[in-house]
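2 protein chains.
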Amino acid sequence: MPTLIRFHRTGGPEVLSYDQVAAPALGADEVRLKVEAIGINRAEVMFREGKYIEEPSFPSPLGYEAAGVIEEVGAGVAEFRVGDRAASIPAFSMKKYGTYGDSVVLPASAMIKTPDHFSSEESSASWMQYFTAFLLIEFGGMKRGDHVLITAAASSVGLAAIQLANAVGAHPIATTRKKDKVQPLLEAGASAVIDVKESSLVDEVKRLTSGQGANLIFDPVVGPQLAALCEAAAESANVFVYGALSPEPAPFPLFQALGKNLTLRAYQLGLIVRNPEKLERAKAWILSRIAAGELKPKIAKVFPFDQMVEAHRFMESNEQIGKIIVSFSKK
Amino acid sequence: MPTLIRFHRTGGPEVLSYDQVAAPALGADEVRLKVEAIGINRAEVMFREGKYIEEPSFPSPLGYEAAGVIEEVGAGVAEFRVGDRAASIPAFSMKKYGTYGDSVVLPASAMIKTPDHFSSEESSASWMQYFTAFLLIEFGGMKRGDHVLITAAASSVGLAAIQLANAVGAHPIATTRKKDKVQPLLEAGASAVIDVKESSLVDEVKRLTSGQGANLIFDPVVGPQLAALCEAAAESANVFVYGALSPEPAPFPLFQALGKNLTLRAYQLGLIVRNPEKLERAKAWILSRIAAGELKPKIAKVFPFDQMVEAHRFMESNEQIGKIIVSFSKK
Numbered sequence: 003m004p005t006l007i008r009f010h011r012t013g014g015p016e017v018l019s020y021d022q023v024a025a026p027a028l029g030a031d032e033v034r035l036k037v038e039a040i041g042i043n044r045a046e047v048m049f050r051e052g053k054y055i056e057e058p059s060f061p062s063p064l065g066y067e068a069a070g071v072i073e074e075v076g077a078g079v080a081e082f083r084v085g086d087r088a089a090s091i092p093a094f095s096m097k098k099y100g101t102y103g104d105s106v107v108l109p110a111s112a113m114i115k116t117p118d119h120f121s122s123e124e125s126s127a128s129w130m131q132y133f134t135a136f137l138l139i140e141f142g143g144m145k146r147g148d149h150v151l152i153t154a155a156a157s158s159v160g161l162a163a164i165q166l167a168n169a170v171g172a173h174p175i176a177t178t179r180k181k182d183k184v185q186p187l188l189e190a191g192a193s194a195v196i197d198v199k200e201s202s203l204v205d206e207v208k209r210l211t212s213g214q215g216a217n218l219i220f221d222p223v224v225g226p227q228l229a230a231l232c233e234a235a236a237e238s239a240n241v242f243v244y245g246a247l248s249p250e251p252a253p254f255p256l257f258q259a260l261g262k263n264l265t266l267r268a269y270q271l272g273l274i275v276r277n278p279e280k281l282e283r284a285k286a287w288i289l290s291r292i293a294a295g296e297l298k299p300k301i302a303k304v305f306p307f308d309q310m311v312e313a314h315r316f317m318e319s320n321e322q323i324g325k326i327i328v329s330f331s332k333k
Numbered sequence: 003m004p005t006l007i008r009f010h011r012t013g014g015p016e017v018l019s020y021d022q023v024a025a026p027a028l029g030a031d032e033v034r035l036k037v038e039a040i041g042i043n044r045a046e047v048m049f050r051e052g053k054y055i056e057e058p059s060f061p062s063p064l065g066y067e068a069a070g071v072i073e074e075v076g077a078g079v080a081e082f083r084v085g086d087r088a089a090s091i092p093a094f095s096m097k098k099y100g101t102y103g104d105s106v107v108l109p110a111s112a113m114i115k116t117p118d119h120f121s122s123e124e125s126s127a128s129w130m131q132y133f134t135a136f137l138l139i140e141f142g143g144m145k146r147g148d149h150v151l152i153t154a155a156a157s158s159v160g161l162a163a164i165q166l167a168n169a170v171g172a173h174p175i176a177t178t179r180k181k182d183k184v185q186p187l188l189e190a191g192a193s194a195v196i197d198v199k200e201s202s203l204v205d206e207v208k209r210l211t212s213g214q215g216a217n218l219i220f221d222p223v224v225g226p227q228l229a230a231l232c233e234a235a236a237e238s239a240n241v242f243v244y245g246a247l248s249p250e251p252a253p254f255p256l257f258q259a260l261g262k263n264l265t266l267r268a269y270q271l272g273l274i275v276r277n278p279e280k281l282e283r284a285k286a287w288i289l290s291r292i293a294a295g296e297l298k299p300k301i302a303k304v305f306p307f308d309q310m311v312e313a314h315r316f317m318e319s320n321e322q323i324g325k326i327i328v329s330f331s332k333k
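Same order as they appear, the protein sequences are chains A and B. The first sequence finishes on residue 333 if you use the working numbering, and the numbering steps up by one all the way, no holes. The second sequence finishes on residue 333 if you use the working numbering, and the numbering steps up by one all the way, no holes.
Isolated chain A, as found in the complex (with noise of 0.2 Å):
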């Protein structure tokens, strides 16, 4: 009988529950997936902890990334074979389909097939960090040349965006509050780290930007911030707002704004995973970035899949640099 981590209310890492789920029939537009790895997502935190834009319905399922081997496919999917090596994509809901399990039932919409050189560790890392960052090239216009403020810089996301503007010729400026970050941070490829504990956002990107500010803007965060980062945004900047890791309320910093003619967008990654012609346009192009070598997923730490609440605390300590996963190679 298959294991899965659900949860049967809301509240810390503790409450995440290793259960015996008998085996769902499979519908027809589904794929059964023997996991190998499983990525963590901050999003599985808030989910958890009641805290996210969906609300769980109890007992509930838990996760959006991971890879292993198709065991079963439903009657409608032709793209997938039993055998496949696949991972998910989150174009679907956390109150239907989980990933946290050793063998889980996902929509055959919501797979890709792991890359050949990629390992299923890597393939669980991928999907939801580069099909994220990737709002900054399909709804920012990402180019050569443009200043990219990219806050939480040292998130799997963010290491993902540092990526995908140094494919396209963009200069990615990092932001972290932790000093032992600035150094990997430069390591992964930021053209610039700010330390916004030991100095100001906004005077640092000016410096930067010789006074400009910055065109693209990638924040996880908000909160009190925001005011910041519209400061800190040059005149017609696109300001992307990803998540919601602020607890506390955010200003709309209306006169910045106005001033500038800046426009905020708040994205999820349904915007595309969702949209069929946009996912299949993300996903040529980050395919053909991954095998060129240009993007490949920044592993934190592995843990086995019995310390799933180990992965989450250890998430939630925020001193990781890249992707949790979670593998059962991993003992």
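Any given hint could be a false lead.
Which copy is meant is left open, because identical chains are indistinguishable; a pair holds if it fits in one copy or across any two.
To be verified - No farther apart than 25 Å at their CA atoms in a straight line, the calculated lysine to aspartate or glutamate pairs in the DMTMM-like style are these:
| hint | residue 1 | residue 2 |
| --- | --- | --- |
| 1 | 280 | 237 |
| 2 | 53 | 233 |
| 3 | 262 | 51 |
| 4 | 280 | 140 |
| 5 | 262 | 140 |
| 6 | 145 | 279 |
| 7 | 262 | 56 |
| 8 | 285 | 74 |
| 9 | 298 | 182 |
| 10 | 303 | 104 |
| 11 | 53 | 237 |
Think of the hints as simulated: they come from the structure by calculation, not from any bench. This structure is a prediction, so every number in the text was calculated from the model and none was measured.
Using the hints provided, position chain B relative to the given structure of chain A.
Same frame as chain A, now just chain B:
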């Protein structure tokens, strides 16, 4: 010697001062306009109060709109001739130019010929409102069937937005805080009017759009009501803010924005009128619709030139429906 209405300190309408000022020599790219009518704008009230995006330097000129007859053209001006009926487009800074006077100097790039069948009063009432509302078409892609929520709809720009929405076949939903403006707004073309003091903006928009919400929102108020506007917005809606009428801070409604992938765009007219390509496109569209009789400014009240203080007081009363004009024909 020309009489200009200027102000020597910020404050209430009483700071407006009728000053005799020697006519300056004309720059190569400037024209001198014999003023017949002046259109009054909220921006001028805010500038006079020191609460606008730009700060005045004293003595400060004032005014974005005037129409009349060209009485002199600079050496480099080819598009206008002495005797042409023309009006200003607000494509300049009030730190440098103003329209409150009997003879004023303006940049030729910020002038437009008055349509043949328009009076100078109508011409002075047209360009701020139609070019501002044109943001909905240029940046919002407003089209047939869209539900467009227009706040402060009895303002000149609000009424212009109603006319533009009708011109493309969209449904303009107007809001007002004054019960006695409901019927006039319906007569002005609103498909529905919400009296926000009497009923819930969110509930009414949902009811009027079969639960979908508004695709486009056009708001000069901002302030705390921004949260309700975002709640009334449809999935992937564009929320345009083009003013700062509320003195209160606005929250950035992050969860609404993320949950519906909203885009908040802060726009000033300059994005169109200071961009030659966009300005030409807007001009062509607006002039053709004026010629077709689809656009016609609504004039709320006309004051004589010696009653500019009263005209500003009337603007501040918020009783008007449409444009307030100061005219030299009015005695």
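Practice task
Could you tell me which of the numbered hints above are not met by this structure, giving the numbers in increasing order?
Solution key: Per hint list: zero violations.
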